[in-house]
Amino acid sequence: MQKDIQERDSNSATAVGRYSNTKATLALAKASFRSIMRSPSAVVFTLAFPLIFILVFGFLGGGGTHIDVGVTPGSDINNPVMGMLAKTGMIRLIKDKTKADFDKLLEKGNVDAMIDVHRKVNSAAYSVNVVYTSASRDKGGILKSVLNNVFYDKTLKPTVAEIKESTITGREYKTIDFILPGQLGFSLLSTGVFGTAFVFLSLRQTLVIKRFFATPVKRSSIVIGEGIARIGFALLGALFIILIGHFFFGFTLVNGAITVINMLILATLGIIVFMGFGFIISGIAKSESMVPPISNIVTLPQFLLSGTFFSIEAFPSWLQPISRALPLTYLNDAMRKVAFEGSGLWDVKFQIMILLLWGIGIYAVAIKVFKWE
Amino acid sequence: METKKAIISVTDLVKKYDDFVAVQGLSFEVYEHEIFGLLGPNGAGKTTTLEIIETLREKTSGEIIVDGFSVDKQPHNIKQIIGVQLQAAGYYPNLNLIELIELFAGLYGANIKPMEMLEKVNLQDKAKAKYKALSGGQKQRFSIATTLINQPKIIFLDEPTTGLDPQARRNLWDLIIEIRNAGTTVVITTHYMDEAEQLCDRVAFVERGQIIALDTPDNLIDKLVSSGFERKKEVKKANLEDVFINLTGQEWRE
Chain F
153 MQKDIQERDS NSATAVGRYS NTKATLALAK ASFRSIMRSP SAVVFTLAFP
203 LIFILVFGFL GGGGTHIDVG VTPGSDINNP VMGMLAKTGM IRLIKDKTKA
253 DFDKLLEKGN VDAMIDVHRK VNSAAYSVNV VYTSASRDKG GILKSVLNNV
303 FYDKTLKPTV AEIKESTITG REYKTIDFIL PGQLGFSLLS TGVFGTAFVF
353 LSLRQTLVIK RFFATPVKRS SIVIGEGIAR IGFALLGALF IILIGHFFFG
403 FTLVNGAITV INMLILATLG IIVFMGFGFI ISGIAKSESM VPPISNIVTL
453 PQFLLSGTFF SIEAFPSWLQ PISRALPLTY LNDAMRKVAF EGSGLWDVKF
503 QIMILLLWGI GIYAVAIKVF KWE
Chain X
2 METKKAIISV TDLVKKYDDF VAVQGLSFEV YEHEIFGLLG PNGAGKTTTL
52 EIIETLREKT SGEIIVDGFS VDKQPHNIKQ IIGVQLQAAG YYPNLNLIEL
102 IELFAGLYGA NIKPMEMLEK VNLQDKAKAK YKALSGGQKQ RFSIATTLIN
152 QPKIIFLDEP TTGLDPQARR NLWDLIIEIR NAGTTVVITT HYMDEAEQLC
202 DRVAFVERGQ IIALDTPDNL IDKLVSSGFE RKKEVKKANL EDVFINLTGQ
252 EWRE
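If you read the protein sequences in the order shown, they are chains F and X.
Just so you know, we're using this note's numbering here: the first sequence kicks off at 153 and counts up by one.
Just so you know, we're using this note's numbering here: the second sequence kicks off at 2 and counts up by one.
Source of the hints: derived by calculation from the structure; they are not laboratory data.
Please note: incorrect hints may appear among the correct ones.
[Claimed, not checked] Label-pair restraints from in silico Cβ distances: (1) 73/X to 462/F: 56 to 66 Å; (2) 178/X to 391/F: 23 to 33 Å; (3) 449/F to 244/X: 52 to 62 Å; (4) 89/X to 388/F: 33 to 43 Å; (5) 220/X to 444/F: 52 to 62 Å; (6) 208/F to 130/X: 37 to 47 Å; (7) 520/F to 228/X: 51 to 61 Å; (8) 164/X to 388/F: 36 to 46 Å; (9) 131/X to 391/F: 25 to 35 Å; (10) 178/X to 392/F: 46 to 56 Å.
Given the structure is predicted, the values throughout are model-derived calculations rather than measurements.
Even glycine gets a Cβ: it sits at the ideal position worked out from N, Cα and C.
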């Protein structure tokens, strides 16, 4: 059909030329992005809310995370485990104190844990012995994660035979490292669900989409253009939150820029899945006033149950299966693993797979219920 | 008139909704470079007919050819050569006029200077304004600007003057005549007969989904008069609208 018009344009003064779907899609993306940036509700939901929570919890958590780890007198000091711990920049090793002093500090929580590294008898490998304190459960939990991470590190693995841990502590971190990924996930959820639902409903109701249909633009261009704008906006928001968290509240980015990139890739996946909810809601809502209640049905349970504020392990056991069914749970989980434990994307493939399954399910429904007019 | 070339031809157009026939067997032609009016009461099927020609609505049966393209087989080609102003259509929120024109230029794949488009409809002073902040007349003129972006051969205007004050209405007539004089065919619907009489080269009266009369306004009036019709009251040399314009001035205000 493109050729038809080219051929018969000889007598036409209005030669339109070859129509470009890409150009149309990008024009829409640009328009949509401008519109989002000027929409107060989008900015509030995506940036202000998460930042307020981060601010509150950031200060509650005492800002940056430092874990004071006492080195048991007599422990081997010049070994790769100690080296790795020091390198994380988060762990302060405290030496030069007597066993009795350490016991008191540990009891009060002034020292978060004790570590003792010994070369194993008749072996090149090391044995690591860690004592946590219930006075500092959250930091103990962080240390535990760090140690696990160290233990699985390729360069260290041959030399560390085992990590012996006593005083099992919960994994409940009350720090920026826990809060920020949760807030990030929630920011993506709300911008994906509310933003998409509102935009498509209002474009449909104000006949903006109908007017678009009178141009040669394809339907797919409209959806993709909107999608690009929203993803772009959400990623900018995510980057902003991560950087504020990192530079002002000491949010841990184990592998620096690579961690940030991994987080943004996860964020992209998350926003795409969440936009699916938005498409569905824009299809079933009859008016704009119906969007918030329906959206809240989607977002509120995830806000509360997906480990945004509290670890889902702290929930009663009957509630946990519900938590484990929600997509935000897996996004939060993957974000924390990537940000704090320095996992690569392949390490969180299970979480990514669950998100993809959700995505497939949601878009299957969205295609059925989405309305153009 | 016979030498004129039809740019739109509609044959036996039928549109049925579930339990209601909106259009029943419409046939008419629109000639190149004319202003063609579709007149008739609300619900007569004017908008439905327009939207089917504009490829926005499926028809039940019948044939429509727009500049050689069939609405069934080549809707994409038709969209590229027409400009459409919808009744009560909105525009993308939070964007100013320049940005909206840029958006439409992208959607049409047209290379145009947004400011020039606004100048065509005398809205260059409102370039940075939002659509919502415009007056009724400005909104309509902006809508018309968006129909001109792809340099269309035909533009469709659905009740463009509804709700405008007399000055804005006259101003819009001038714009529409200018567009026609520049070589574009105009199809327009309206409820104002004085407007149709002033503006349209030919008009079709649509009633209950059928065309009950189609001719030039002059011929239609002459026909009625020759059938013995007389107005109840002798017409004065001016009407109240003339008084309005005379008192408040031709000048069009924003």
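Which hints, by number, does the structure contradict? 2
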